[in-house]
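Protein chains in written order, with our numbering: chain A, 1 to 92; chain B, 1 to 459.
These are computed hints drawn from the structure, not numbers from a lab. Any given hint could be a false lead.
In the EDC-like style, the derived pairs of lysine to aspartate or glutamate whose C-alpha atoms are separated by at most 16 Å in a straight line are [as the list claims (entries may be wrong)]:
1. B:K5 to A:E51
2. B:K5 to A:D87
3. A:K40 to B:E95
4. B:K45 to A:E51
5. A:K91 to B:E77
6. B:K91 to A:D34
7. A:K4 to B:E10
8. A:K40 to B:E23
9. A:K4 to B:E77
10. A:K91 to B:D44
11. A:K74 to B:E92
12. A:K91 to B:E39
13. A:K53 to B:E92
14. B:K91 to A:D87
15. A:K53 to B:D4
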Amino acid sequence: MLTKDLIGLIANATGLTKKQVEELLNTYNAILRDNLMSGKSIQLQGLGSLEIKERNERIIVHPKTGERTLVPSKNQLVFRPVNNMKDELKKL
Amino acid sequence: MAEDKLSWSELRHALAQRANVSEKVANTFLNAMNAQLVEALKQDKQVKINGLGTFRLQAVAPRKSVNVTTGEAIIIEGYNKIAFAPEASIKEMIEGRNVKAQPLSALTQTNAETEAPVSDGIDPLKKLNEQANEIIDILADLGQAPNEEKKKEEPKKEEIKPAEPVVPETPKYEAPTYEAPKYEAPAYETPKYEAPAYETPKVEEPKVEITSTPVAPSTPSTPSYQVPTPPPAPTYQAPAPTPTPSYQAPTYQAPTYQAPTYQAPTYQAPKVEPAKKAEEPKTEEPKQESHFWRNLFIWLLILLLLGGAGYYCYTHYDLRNWIETKFPKKQPVKAETMWPEVERDIANDTIELSPETPEKEPEVVQEPFDVRKYKYIKVEPMHRNSRLAWMSMRYYGSKAYWPYIYDANRDRITNPNDVEVGTPIRVPKLSRQQRDTTIESSRLRLQELRRQAEAASKR
Chain A
1 MLTKDLIGLI ANATGLTKKQ VEELLNTYNA ILRDNLMSGK SIQLQGLGSL EIKERNERII
61 VHPKTGERTL VPSKNQLVFR PVNNMKDELK KL
Chain B
1 MAEDKLSWSE LRHALAQRAN VSEKVANTFL NAMNAQLVEA LKQDKQVKIN GLGTFRLQAV
61 APRKSVNVTT GEAIIIEGYN KIAFAPEASI KEMIEGRNVK AQPLSALTQT NAETEAPVSD
121 GIDPLKKLNE QANEIIDILA DLGQAPNEEK KKEEPKKEEI KPAEPVVPET PKYEAPTYEA
181 PKYEAPAYET PKYEAPAYET PKVEEPKVEI TSTPVAPSTP STPSYQVPTP PPAPTYQAPA
241 PTPTPSYQAP TYQAPTYQAP TYQAPTYQAP KVEPAKKAEE PKTEEPKQES HFWRNLFIWL
301 LILLLLGGAG YYCYTHYDLR NWIETKFPKK QPVKAETMWP EVERDIANDT IELSPETPEK
361 EPEVVQEPFD VRKYKYIKVE PMHRNSRLAW MSMRYYGSKA YWPYIYDANR DRITNPNDVE
421 VGTPIRVPKL SRQQRDTTIE SSRLRLQELR RQAEAASKR
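Excised from the complex, chain B in its bound form:
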């Protein structure tokens, strides 16, 4: 847009000419104006100039960022941005046209309408006509007023939708012609309801009652009760029966009036399928359902009987014993073979161990105490609830090395199971070899020491 620029000098010249002022004055004015504008911005952060717009200082908040090369996090400090909003009148003038934003669908629709006939030519028009004719025929069958003009004008997409319902509708109209005689047959149902069942009771009941009411009071009253009291009794009885038949009669007449209403839908039905369909299954479904439920009931009964029989047998005869005797004697055999092996092993062990201990016990000889035997980690007084085993646990990670501690403190400990509280105990430093029980020599040494300690405790 901006090919030409209005330079400072040109502006000054124009201003001087228009305002009838010398160029000097115009120049001073323009310079002063710019300078004052900046000053004003500094002061108020907002300057409004009538006929032009507002200059404003917008604060930009500090934000986090990342140095692209190093990947370090940086904080970009906040600063002020100069924003200019032109006055509304100028804005409108510059924007030129006042075109409002239109919904896109409206624009595309107008385009489609104009483009479609140009691109596709004859074929779509023929199709449209055919479809329109079909629709008109269908509508004529239905007896509705056809709207030709609207459907011709509609675009393709909308026409496909009415075409789809057209296809299913045509078979619908063929079908009823074949089905119509079938439905005339059920018309036999209606006379059944009318003629035999409901009409006969109507005729009988009122007639009998009406005849009986005059006869009944007359016959019993005259022979049985000759006392003056009888006359009120029949009067009370008479009104009671009369209302009951009168109320019963309309209730029975009502179904006779309902019957024709059932006939009416049968005549209207050929127009619409679903009504007939609904009637058809009604006659068929109950039969199927009855069979199904009957079968289910029978099967359930059989299952129950079988279950009862099974339960009875289970409780009254020793089926479990019977089964065990017949089939599964192999499993217990396995268990028997497993156990004796273990027993034998244990027996062997005990037999081997038992002779050794009694032989060695009398041989135990307490070694003499020597302070220089070990290097020491620490000297710790015996705590109240502590033991040598726990001390070894604390220092060596296992209770098993407590005999070493006993060995290092033979001069102070007489009975390793009962150490006096507060006795300073030297904790010896054990080498890896001494701690490793997989080495035979160290293990034997530990056993030795333990035996000695136990012997000391028994003394």
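For reference, chain A alone in the conformation it holds in the complex:
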């Protein structure tokens, strides 16, 4: 499902126009992005949380050549769903 369809669904559910919803969504995304960049984790009620996790640097061995390469540490965006949501979607 694409953003368009989601916007349509939200508009139907809330009674707002699609334009309004689109604007709201864009600002919502911008807020999330800014907060994430400043190092904050975000809790979305009924959905889960978006966190930034630090991955350690590690050594990879190329299976054919045996060359060892160092993968530098990096930050990763991780989504942790709430248990309710998890259970709801476990069985479909």
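Start from chain A and add chain B according to the hints.
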């Protein structure tokens, strides 16, 4: 990283402020959004939000597992996992730096270069200089261009490798100075090839032929053949000899030109050892080889002669008889002593057995038939190709008990060797005592019955 959390209310507040909307609207939007997201996930299993990323339902396959406490095998059922993949732009922003993965060797090398001079200080530098000087000297001897700068910069491990070849090279250069006079001596070989062998034939052959060709046709043609035919004959003969010397001459001259080429390596040789070494063994090896092969050949001949002589003796004289007469009369003696013992035993046995049987045969008295003598397992009709012995084999595990069956069926069987097909035969039940032939009484009983049965068959 995530010390601070952006709570739901804060998010709502921020959204309302930025979008210039009341908090109520923001709240409804956020709730609706979450709810719709879940719904959308349920429907399509994948929701893509521009500017954020995609939420996806990943199916996890069912798998086998073991209950840790009981050890039973369990099947963990499959389920859906929620996966979130952030958009590429966000991912890059969060990862911050675009550092590519470097090969580890490159990193360690840079480290080693920086660390080495700091830790070891002066000694390694001195060593490096000395080694570099040595290398330069050697290179100067060789006449090659020295590369000082590169070798100074190289780390230790790489410098040890060039140092190793340096040691063997120095003796190489000392040796040729002593060996040089030795190799001047073989220079005598070259004049041998030049002066006597090849030059003389050259001079002789062309001269003789050239002189002979004019003389030969002139002398024989004039006296022997006075007929007009002779003139063509010498003309044909003349061209034939002339080409042959001309072709032979260059072939003999060629080795003379090759000889100087052999001299050339002898002068170049002092620089490189292996060439000389190769020459040395050539002179020595053939002698050794010739001796070795000669000796081998002689030994083989001796062996062959010995073998032939042996074979001749073996075929023409009775060596085997001779050997037997001389040495091995003990073995046949043993065999002779072994045989008579056995013969005596058999003789004794036969002698003991033979008088008993003839005495008892006339005594055989058939016992009266009594049905109550035995308990019966089964009544079985006689099969076409069956016998009493086989029946006993089937029921008792051995052929030896067939007389019991005969004894149980005396009323129906007249001749135990020839029972009519289809006669119902009672199979008696034998006790363990009766079956056990190690007990004397039971064995004697069996013999009795057998004798009676045989007597019945002879009637």
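Structure-based check of all given hints:
{"no.": "1", "hint": "B:K5 to A:E51", "in the structure": "holds, 9 Å"}
{"no.": "2", "hint": "B:K5 to A:D87", "in the structure": "violated, 24 Å"}
{"no.": "3", "hint": "A:K40 to B:E95", "in the structure": "holds, 14 Å"}
{"no.": "4", "hint": "B:K45 to A:E51", "in the structure": "violated, 22 Å"}
{"no.": "5", "hint": "A:K91 to B:E77", "in the structure": "holds, 10 Å"}
{"no.": "6", "hint": "B:K91 to A:D34", "in the structure": "holds, 13 Å"}
{"no.": "7", "hint": "A:K4 to B:E10", "in the structure": "violated, 27 Å"}
{"no.": "8", "hint": "A:K40 to B:E23", "in the structure": "violated, 22 Å"}
{"no.": "9", "hint": "A:K4 to B:E77", "in the structure": "violated, 35 Å"}
{"no.": "10", "hint": "A:K91 to B:D44", "in the structure": "holds, 14 Å"}
{"no.": "11", "hint": "A:K74 to B:E92", "in the structure": "holds, 10 Å"}
{"no.": "12", "hint": "A:K91 to B:E39", "in the structure": "holds, 14 Å"}
{"no.": "13", "hint": "A:K53 to B:E92", "in the structure": "holds, 14 Å"}
{"no.": "14", "hint": "B:K91 to A:D87", "in the structure": "violated, 28 Å"}
{"no.": "15", "hint": "A:K53 to B:D4", "in the structure": "holds, 13 Å"}
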